[in-house]
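Residues per chain are reported as follows:
2 protein chains.
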Amino acid sequence: MMKRVIVGLLLFALANLALAQSDPLPSWNEDANKKAIEDFVADVTDEASADFVRPEERIATFDNDGTLWAEQPIYVEFQFAIDRIKTLAPQHPDWKTAEPFSLLLAGNMKAFLAGGEKSVVPILTASHSGMTPENFEIIVKDWLATARHPTKKRLYTQLVYQPMLELLAYLRSNGFKTFIVSGGGVEFMRAFAEHSYGVPPEQVIGSEGKMKFEMRDGQPLLLKLPDVQFVDDKAGKPIGIQTNIGRRPIAAFGNSDGDLQMLQWTCAGSGRRFCLYVHHDDAVREWAYDRHSLVGRLDLGLDEASVKHWTVVSMKDDWKTIFPPE
Amino acid sequence: MMKRVIVGLLLFALANLALAQSDPLPSWNEDANKKAIEDFVADVTDEASADFVRPEERIATFDNDGTLWAEQPIYVEFQFAIDRIKTLAPQHPDWKTAEPFSLLLAGNMKAFLAGGEKSVVPILTASHSGMTPENFEIIVKDWLATARHPTKKRLYTQLVYQPMLELLAYLRSNGFKTFIVSGGGVEFMRAFAEHSYGVPPEQVIGSEGKMKFEMRDGQPLLLKLPDVQFVDDKAGKPIGIQTNIGRRPIAAFGNSDGDLQMLQWTCAGSGRRFCLYVHHDDAVREWAYDRHSLVGRLDLGLDEASVKHWTVVSMKDDWKTIFPPE
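In order, the protein sequences belong to chains A and B. Numbering of the first sequence is given in my numbering, commencing with residue 1 and proceeding in unit increments. Numbering of the second sequence is given in my numbering, commencing with residue 1 and proceeding in unit increments.
Keep in mind that the hints were calculated from the coordinates and are not lab data. Keep in mind the model is a prediction, meaning the values are calculated, not measured. Please note that the accuracy of each hint is not assured.
In silico PhoX-like cross-links for lysine-lysine, where the CA-CA straight-line distance does not exceed 20 Å [stated by the list, open to error]:
# : chain 1 : residue 1 : chain 2 : residue 2
1 : B       : 234       : A       : 212
2 : A       : 210       : B       : 234
3 : A       : 316       : A       : 34
4 : A       : 234       : A       : 308
5 : A       : 234       : B       : 212
6 : A       : 177       : B       : 234
7 : B       : 210       : A       : 210
Next comes chain A alone, as it looks inside the complex:
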């Protein structure tokens, strides 16, 4: 009798171990939101299901800032641009007296940020152009290798969301092609997307600068120009998807009003669809912000998610862990 109980307990333990090992989303709590993801994937991958989708059409698009990695207190790419301006300042003595550079270099962040677009655009332009894409990639990688978040004190590439990494891998293991569709600069994101997310450069869609092709000493080169070619945000997201992918996603993941049109576009398609918002409601482990945040505002999207029954993930309640272990 005792022996049979022990054997039973052992089998039960082993079964649970196997289950735990085979759970592709271990950082997600066992609740309705996790089940909604699993049900969707089971449904579209089951050939016997009316909702079956052939692998070629299993397109899933992910916003980056606030959806795959942290975006507070300011977008990582903006912090990169600020640091880059400081690095370049000795070569640009004129910046000492020319706004917005002068405000930034004097550490007058309040006046600098108050400038809004008038402050942001020149900083982004000066830090993102005047070099080849290859050189830009090296500059970004070098910065990411050492720059640390002001309060979390970790490398920015360690501030990716562990549950989302699992979700990306889970979708890919089910035949999905995962894309990043983000307002960030496409070449900035490509510098870490393959390593951090397993998303190759050709599956990263973002805002684009103009480029110039020229021959120098018989060698062809590309040069990043200070002009904007395409802004991949808000209504730009479905346009970026159509232009770059040419197929409507069946699943889309975002965290802000900048993703609303992508989610609308995705879930308005025929057949089974899945739209998900990551809701930043964890003031202890990350940050709590939504309707009134300057960075990653989620206001209209929260209302529409409610009306349309999109999945809204609570970082506080749905995620066992936020960031990968140190």
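Take the given structure of chain A and dock chain B to it, following the hints.
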């Protein structure tokens, strides 16, 4: 003795049969150009080779018109546009008197074509905008299902090059990711690229029109606008590659001066590279044209291919067959 000879002959025949069956490029004659392709692929896929390239970086880009399908006497997409204008004419009575539409509708092709860009752009614009991308795809597919080449009398999708279809499949079976990088409209090409070439929409890069996102009766839709967003030709090709793929190809395939910058860009990269021009020199089975052709001119490219030892494929000598069997 006789028995041994027969067995030997049988074995020889079987070995040849096996060889023939296993040849992934059966429409290519056994010569130096076929060998150059095979050597390149063997080299970059052999982990023991100094030229090994990991699969993620095995990017191959193909021009479309004149490289994957026929482009004479005029580009297929231009023929589509002309036919579309004729179809739409009853809804546009003003076209009867407005050039270039009037010239086209009156059948005055000489005067129409003499207009050059002034004739081409309004025709392309009127035929490619004012609808959703989904509707445009249907329009193109319907046209391709019935329109026939004026002299070959076959459907345009049957005027793809059999040896190039084999080459695309051969590269993919060796871990390459094949892209189309062509001056043609990206959404025109996507209407047949997956079916005809096995290239999914997200791996088709082409010229782009602007689009608009809007909500109509609560439904999101995209609308194709009559403005050009990007021209994927000449210097635009390396730019399109960098913007859309974010990685320099290790192999590029073209047939005209419009592909020259793509080939320069590809073969200027470090490590093993492969650049190939398809030379239209078969007046009997296809067309013979190069330095003086208005469509698909190959002049500067022919000189540079010679200097840089790029592979120049003779359709006449290298290809056993041009088009797939009827």
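Here's how the hints hold up against the structure:
1. 234/B - 212/A: Cα-Cα ~12 Å, so holds.
2. 210/A - 234/B: 16 Å, holds
3. 316/A - 34/A: 14 Å, holds
4. 234/A - 308/A: 18 Å, holds
5. 234/A - 212/B: Since the Cα atoms of residue 234/A and residue 212/B sit roughly 12 Å apart, the hinted pair holds (cutoff 20 Å).
6. 177/A - 234/B: Measuring from Cα to Cα gives roughly 30 Å; hence the hint is violated.
7. 210/B - 210/A: Cα-Cα ~15 Å, so holds.
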